[in-house]
Amino acid sequence: MTDKIPVTVLTGYLGAGKTTLLNRILSEPHGKKYAVIVNEFGEIGIDNDLVVGADEEVFEMNNGCICCTVRGDLVRILDGLMRRKGKFDAIIVETTGLADPAPVAQTFFIDENVGRRTKLDAVVTVADAKWLNERLKDAPEAKNQIAFADVILLNKTDLVSAAELDEVEARIRGINPYARLHKTQRARIPLGEVLGRNAFDLDRILDIEPAFLEGEDHDHEHGHDHGDDHDHHHAHHHGGLKHYHDEDMQSMSLKSDKPLDPDKFFPWIQDLVQKEGPNILRCKGILAFKGDDQRFVFQGVHMILDGDHQRPWNKDEKRESRIVFIGRNLPGKTITEGFERCIA
Amino acid sequence: MSETRSDTVSVVERTRAVAAGGAVVGAHFLGRTAVFALGEEALVFAEPDGEERRMTIHGGAILASASDGARIVSGGDDGKVVTTDIGSSRVLATDPNSRWIDHVALGPDGAAAWSAGKTAFVQAKEPRQFEAPSTVGGLAFLPKGFRLAIAHYNGATLWFPNASQAAPERLEWKGSHLGATISPDGRFLVTTMQEPMLHGWRLIDRQHMRMSGYAARVMSLGWTAGGRWLATSGSTQLILWPFHTKDGPTGKQPRLLAPAEPRVEVVACHPKQDIVAAGYGDGMVLLVRIEDGAEILAKRPGDAPVTALAWSADGLLLAWGAEDGAAGVVNLG
Numbered sequence: 001m002t003d004k005i006p007v008t009v010l011t012g013y014l015g016a017g018k019t020t021l022l023n024r025i026l027s028e029p030h031g032k033k034y035a036v037i038v039n040e041f042g043e044i045g046i047d048n049d050l051v052v053g054a055d056e057e058v059f060e061m062n063n064g065c066i067c068c069t070v071r072g073d074l075v076r077i078l079d080g081l082m083r084r085k086g087k088f089d090a091i092i093v094e095t096t097g098l099a100d101p102a103p104v105a106q107t108f109f110i111d112e113n114v115g116r117r118t119k120l121d122a123v124v125t126v127a128d129a130k131w132l133n134e135r136l137k138d139a140p141e142a143k144n145q146i147a148f149a150d151v152i153l154l155n156k157t158d159l160v161s162a163a164e165l166d167e168v169e170a171r172i173r174g175i176n177p178y179a180r181l182h183k184t185q186r187a188r189i190p191l192g193e194v195l196g197r198n199a200f201d202l203d204r205i206l207d208i209e210p211a212f213l214e215g216e217d218h219d220h221e222h223g224h225d226h227g228d229d230h231d232h233h234h235a236h237h238h239g240g241l242k243h244y245h246d247e248d249m250q251s252m253s254l255k256s257d258k259p260l261d262p263d264k265f266f267p268w269i270q271d272l273v274q275k276e277g278p279n280i281l282r283c284k285g286i287l288a289f290k291g292d293d294q295r296f297v298f299q300g301v302h303m304i305l306d307g308d309h310q311r312p313w314n315k316d317e318k319r320e321s322r323i324v325f326i327g328r329n330l331p332g333k334t335i336t337e338g339f340e341r342c343i344a
Numbered sequence: 345m346s347e348t349r350s351d352t353v354s355v356v357e358r359t360r361a362v363a364a365g366g367a368v369v370g371a372h373f374l375g376r377t378a379v380f381a382l383g384e385e386a387l388v389f390a391e392p393d394g395e396e397r398r399m400t401i402h403g404g405a406i407l408a409s410a411s412d413g414a415r416i417v418s419g420g421d422d423g424k425v426v427t428t429d430i431g432s433s434r435v436l437a438t439d440p441n442s443r444w445i446d447h448v449a450l451g452p453d454g455a456a457a458w459s460a461g462k463t464a465f466v467q468a469k470e471p472r473q474f475e476a477p478s479t480v481g482g483l484a485f486l487p488k489g490f491r492l493a494i495a496h497y498n499g500a501t502l503w504f505p506n507a508s509q510a511a512p513e514r515l516e517w518k519g520s521h522l523g524a525t526i527s528p529d530g531r532f533l534v535t536t537m538q539e540p541m542l543h544g545w546r547l548i549d550r551q552h553m554r555m556s557g558y559a560a561r562v563m564s565l566g567w568t569a570g571g572r573w574l575a576t577s578g579s580t581q582l583i584l585w586p587f588h589t590k591d592g593p594t595g596k597q598p599r600l601l602a603p604a605e606p607r608v609e610v611v612a613c614h615p616k617q618d619i620v621a622a623g624y625g626d627g628m629v630l631l632v633r634i635e636d637g638a639e640i641l642a643k644r645p646g647d648a649p650v651t652a653l654a655w656s657a658d659g660l661l662l663a664w665g666a667e668d669g670a671a672g673v674v675n676l677g
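If you read the sequences in order, they're chains A and B. The first sequence runs 1 to 344 under the working numbering. The second sequence runs 345 to 677 under the working numbering.
Note that these hints are calculated values from the structure, not bench results. Small disclaimer: the values here were computed from a predicted structure and weren't measured. Be aware that one or more of the hints could be misleading.
What the hints assert, rightly or not - In silico BS3-like cross-links for lysine-lysine, where the CA-CA straight-line distance does not exceed 25 Å: (1) B/Lys424 / A/Lys87; (2) A/Lys33 / A/Lys119; (3) B/Lys590 / B/Lys616; (4) A/Lys85 / A/Lys32; (5) A/Lys33 / A/Lys4; (6) B/Lys518 / A/Lys275; (7) A/Lys119 / A/Lys32; (8) B/Lys518 / A/Lys85; (9) A/Lys137 / A/Lys87.
Please take these sequences and the hints and turn them into a complete structure.
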């Protein structure tokens with residue numbers, strides 16, 4: 001469905017520059033109209049016709065799963081906004097600095113009425129180059145926002161030295177190597193880099209190689225062997241870029257060039273997200289099943305999984321299955337072993 | 345695809361088409377005049393003499409509307425509560441913070457209620473307000489005693505606006521409650537939930553009722569004449585819960601009628617007989633007799649989803665409206 005209205009979620013810790021980015025989006029001469037859902041209504045100056053105040057009400061679903069939540073206010077507001085369909089091209093949700101992006105994202109998967117008419121485009125996180133390191137130590141929300149992001153603006157780079165910038169970038173990559181990272185000042189960025197990303201479109205899941213190797217030619221597979229035995233917070237250099245492993249938030253990627261057995265894979269992934277759902281922030285994957293000429297793609301937010309056949313494998317394409325997880329204290333060994341048992 | 349129902353008795357040819365000119369979000373009758381609430385700004389009146397006229401009543405989206413047959417009360421994203429009768433409209437209230445008016449309800453003796461965010465308001469002789477623990481999901485007046493049921497997160501509250509000493513009664517049930525309705529005899533409160541299910545309370549002893557099995561969130565529900573059945577959307581069948589015994593639907597199965605491939609989007613119960621009009625996601629409207637499941641086709645499938653249905657008080661006119669701005673009045677007299 002192409003007529004679904006795209007929704008961009010803008011997160012970031014207090015003072016990182018969310019509002020600057022939002023005002024930039026609204027004021028540039030792009031000819032597009034945005035409906036904006038903000039918190040702290042009335043406190044920040046936003047010059048836009050369609051601004052709605054939200055309450056950030058996180059509601060648990062009545063299914064016994066504590067990580068299965070929706071933003072109740074968004075369910076209501078999006079329903080109301082869609083009555084004015086045609087008056088705007090896209091919706092931007094600005095969250096408070098302390099917000100967890102997961103309930104916002106889950107709302108689009110859980111509420112059918114929302115999912116039928118709007119689609120989540122991307123989670124964009126604005127991070128403060130000067131203060132992010134500190135926030136990663138003392139604010140779990142800041143770490144969640146980095147881990148959850150599809151696009152990260154490392155903002156206010158003019159306030160730090162080159163060495164400090166490398167350091168904070170490496171910290172971000174230690175948590176989330178998959179997001180697109182842009183270094184900005186005053187949130188100055190081409191809008192195409194933050195809007196219209198289709199990051200939650202199953203057809204666009206493909207690009208799940210770690211982005212931090214972009215422009216570098218060595219072959220370091222991140223997320224290998226994330227057992228319990230690696231040192232925390234060690235930095236090691238590869239081609240000039242430091243690698244950090246965050247104390248509790250990691251990503252891991254798994255690969256197999258042998259086809260998987262769908263009758264083993266689906267029960268395994270369901271069971272995994274049932275048990276580890278609260279810790280798994282996001283996952284996505286491309287799968288090659290035995291006897292199946294179609295690529296299968298999936299993504300997940302905590303316990304919610306969404307997947308479908310995407311297209312036939314091309315003749316010259318390597319039939320390889322790849323999965324990535326971003327989460328907290330991921331049981332690396334268990335996940336790796338479980339995945340290997342899914343090989344047909 | 346839906347069954348074509350080519351053999352079904354049809355009253356489609358008795359339809360008078362109405363060009364609503366915008367997505368229809370509500371349908372009501374003021375006497376024999378069908379009134380369609382649009383997603384934005386206006387009401388469209390389809391007069392019995394064939395005339396159509398449009399009245400702009402809000403400065404933006406119309407988020408909610410309700411009618412008691414004498415007037416229509418609506419809430420908008422312009423922060424206004426508007427009351428409209430056959431000839432004119434006036435603003436009943438304006439939210440001081442320009443908050444959206446999310447829900448409206450009409451009660452006995454001309455009482456009106458509305459909500460903006462967490463605050464519920466009533467206007468009878470004088471305005472009063474109540475702060476709910478979370479955003480109000482739905483409002484419904486009890487038939488007697490000037491009491492308002494307010495659905496919210498983790499339950500509902502029964503509020504007596506005129507009894508400032510009486511503490512509001514809290515009815516607990518975990519989860520997000522998004523809509524509220526009271527049975528015509530005032531014995532049962534039923535809420536629609538964020539999950540695809542309903543929750544009910546028998547008010548005399550607060551006995552819980554869980555009504556589940558839906559494919560989607562229930563967006564539309566209504567009581568049949570005399571409150572014998574609660575008809576609901578949210579499934580590929582019209583689902584009717586029995587409420588004619590003292591226990592309500594507890595321990596009973598619902599009646600499932602009029603199956604079709606697309607889901608039932610909206611229901612409207614005939615004011616006098618045990619007949620329900622059901623509007624489907626493919627544009628079909630069926631009149632369904634509960635007794636034997638007999639169906640009459642009132643609108644053919646193949647169009648945009650039906651989003652609003654209403655019966656005239658005499659049960660001879662059925663108004664329907666659709667997401668694409670199509671609308672009609674079927675004359676069964």
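Each hint, compared with the structure:
1. About 20 Å separates the Cα atoms of B/Lys424 and A/Lys87, which keeps this hinted pair within 25 Å; it holds.
2. Taken as a hint, the A/Lys33 and A/Lys119 pair is honoured in the structure, with Cα atoms around 17 Å apart against an allowance of 25 Å.
3. Restraint check: the Cα-Cα separation between B/Lys590 and B/Lys616 comes to about 22 Å, which is no more than 25 Å; the hinted pair holds.
4. Annotation: proposed proximity of A/Lys85 to A/Lys32 holds, straight-line Cα distance about 14 Å (limit 25 Å).
5. Our distance criterion of 25 Å between C-alpha atoms is met by A/Lys33 and A/Lys4, whose separation comes to about 15 Å.
6. Between B/Lys518 and A/Lys275 the alpha-carbon distance is near 22 Å, which keeps this suggested pair within the 25 Å criterion.
7. Proximity of A/Lys119 to A/Lys32 is assessed by CA-CA distance (about 17 Å); at most 25 Å being required, the pair is judged to hold.
8. Under the criterion of a C-alpha separation no larger than 25 Å, the hint pairing B/Lys518 with A/Lys85 is inconsistent with the structure, at around 33 Å.
9. Under the criterion of a C-alpha separation no larger than 25 Å, the hint pairing A/Lys137 with A/Lys87 is inconsistent with the structure, at around 43 Å.
When each numbered hint is compared with the structure, violations occur for hints 8, 9.
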